[in-house]
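Asks: Protein chains in written order, with my numbering: chain C, 1 to 348; chain U, 1001 to 1292.
The hints are simulated quantities; they were obtained by calculation from the structure and are not laboratory data. Among the hints, a few may not be true.
[To be verified] Here are the simulated distance ranges between beta carbons:
| no. | chain 1 | residue 1 | chain 2 | residue 2 | range |
| --- | --- | --- | --- | --- | --- |
| 1 | U | Gly1173 | C | Leu115 | 29 to 39 Å |
| 2 | C | Tyr152 | U | Lys1263 | 29 to 39 Å |
| 3 | C | Arg332 | U | Lys1263 | 54 to 64 Å |
| 4 | C | Ala294 | U | Ser1181 | 47 to 57 Å |
| 5 | C | Ser292 | U | Gln1228 | 45 to 55 Å |
| 6 | C | Asn208 | U | Lys1285 | 18 to 28 Å |
| 7 | C | Ala298 | U | Tyr1222 | 20 to 30 Å |
| 8 | C | Ile41 | U | Met1185 | 27 to 37 Å |
| 9 | U | Pro1223 | C | Arg16 | 28 to 38 Å |
| 10 | U | Phe1006 | C | Ser93 | 34 to 44 Å |
Cβ atoms here follow ideal geometry from the backbone N, Cα and C, with glycine treated the same way.
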Amino acid sequence: MSAGARSSGLLAPAERGKALFVVLAFAALALYPLAAGQFGIDLVTKIMIYAIFALSLELLVGTTGLVCFGHAALFGIGAYAVVKLSPEYEAGSVWWLLPASIGAASLYALFMGSLSLRTRGAYFIMVTLAFAQMAYYVVHDTPLGGGTDGIYLNVKPVVAVGGRTLLDLDDPKTFYGVTLACLALVFVFLAVLLRSRFGRALAGIKVNEQRMRATGFETYPYKLAAFVVSGALAGLAGFLFAVKDAYVNPELLSWHLSGSVLIMIILGGLGHLRGALIGAFAFALLQEFFKSEAIWGAFAKHWHLGLGLTIIACVALLPRGLVDVPGQWRARLTGRGAPGGAGSGAGA
Amino acid sequence: MDLATFLIQCLNSLQYGLLLFLVASGLTLIFGIMGVINLAHGSFYMIGAYMAFALAPVVEAAFGGGFFATMVVGVVLAVILGYVLEWAFFSFLYEREHLQQVLMTYGLILVFEELRSLIVGDDVHGVKPPEFLSGTIPLGEVMTYPVYRLFISGVCLLLAAGMWFVFTRTRLGMMIRAGASNREMVQSLGVDIKFLYRVVFAAGVAIAVLAGMVAAPVSSVYPNMGGQVLIICFVVVVIGGIGSIRGALLAALLIGVVDTFGKVVFPQAAGVLVYVLMALILLWKPDGLFKA
């Protein structure tokens, strides 16, 4: 992918290593379907969707310092929008379902953000949870959402121009490609956004909101804009998820998923876009690893134990997340303390 | 709704609210005083409930049984558990960002649930209330109310009073309150703050475990019971104001009433009512009812 290659010209030499990592990661993802079987393609497609979701949350948590504990609602609304708006027995068009999905998630994000941004810190965490739970119960308990059983998407939407189908989303390899392209686009979009004036302002808000206001920034609109953009990206991830499985259920909006995606970005390392990527892959692959009966035999049933212990070990040994692994290695080799600049900004 | 039903629902909401208060008070203590967001707090409640189920036969063999003996053994084990956990997993987390604590305690939830599954299994169990509390008292002409539920409310009220006493009337409580408002200052005055934190954490764990043990006969014992309680307790803590015991009590009773009557009056919307309440209160008072 041209993601990092294009930006490496803009970067300081110290940043090149990170850009190289991202380029190599995307290249590996692009080549993966040539080697993988059905199961692998399906798994990595799912992980990439989670990665998009994680990136959307990283914009709020890692960049702006707003810990949202209700992000699954936006993901779920994006997913439900596709299924509810698709015609029942024929294929809907991606050209309007995708914007509708993203639009629905952004609208709810606007509602959720405009109210919850009045609170701060732990209170913000809980108010976002409250708004997510409201959405969850609407889907779960009212006829609108089809209850616990969820809803099937009978016909997947098509990507067509003038009646000619361009991409067959039913084909796993094609869908893999589409998901990868979305992931790359989201990554580049966020990378550019963070380098813009807007992104710098968000970073400033994370470090010291008071001072940002003193500098003359009206911080509320910035935070709200970040919330809505993040919601839109979560909606995109939800769209892809619903199209992939052709099925949605209320669990997509549950706080368990909000928690999992938060865990992904913390595990990967907050304050870095690639942390969200690494976190999504690490979390999902660890799950697969500990669930594997080939390795653990009958004990695979208790896969939570291994996952939990690994997470605890990560917290104890890698305070800055998995992105800091090279830094720790370097520190060990040169015998000096871990290099600074990993940006564990003052948690306000 | 006639008067007897109304009265029963009132007693139910009181009992539920007080139980929530017990779990939430530990959470708000650990959160408010030590600044740790402890997601694993619900697991302690779960552990308590399973102790009520699994310890009873063991205690019977060792001490000749008895409901209260089981509880005492459970609380002692809980204090030890809390003390060791604080030493092993939490003591190095205070200087870290909140989100690191979230990640750590999330890992602990997974470990606790899986250990529970390994040791006791995944079945749902019922726990019988002790003989002398299993009766009912008549309410009105046809309705009755189980004595055990009144007993739960009594235990909770007693503990709440005990907590109030320790906090406002003892030297320990004074040190804890001082430690909450300025850690460094208390430390430089010669108080062993590490030990103090360990005591607070162990007490929080013990209260949650006790709540689980007391609740087991009415709620039954099932996997993942901790997760449900955890979220609702966070709601209580936040509505009440983080770190405020008084706030937690009021918020827990409020939620008890809203949830219990919500289930009777609007069964379709019962789940969402509590969250609507929280959102409204926080939009009105962004720092909770009582700012600690």
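Asks: Now, for every hint given, state plainly whether the structure supports it.
Replies: Structure-based check of each hint:
no.: 1; hint: U:Gly1173 x C:Leu115: 29 to 39 Å; verdict: 37 Å, holds
no.: 2; hint: C:Tyr152 x U:Lys1263: 29 to 39 Å; verdict: 31 Å, holds
no.: 3; hint: C:Arg332 x U:Lys1263: 54 to 64 Å; verdict: 57 Å, holds
no.: 4; hint: C:Ala294 x U:Ser1181: 47 to 57 Å; verdict: 55 Å, holds
no.: 5; hint: C:Ser292 x U:Gln1228: 45 to 55 Å; verdict: 30 Å, violated
no.: 6; hint: C:Asn208 x U:Lys1285: 18 to 28 Å; verdict: 25 Å, holds
no.: 7; hint: C:Ala298 x U:Tyr1222: 20 to 30 Å; verdict: 23 Å, holds
no.: 8; hint: C:Ile41 x U:Met1185: 27 to 37 Å; verdict: 59 Å, violated
no.: 9; hint: U:Pro1223 x C:Arg16: 28 to 38 Å; verdict: 49 Å, violated
no.: 10; hint: U:Phe1006 x C:Ser93: 34 to 44 Å; verdict: 55 Å, violated
Checked against the numbered hints above, the structure breaks hints 5, 8, 9, 10 and satisfies the rest.
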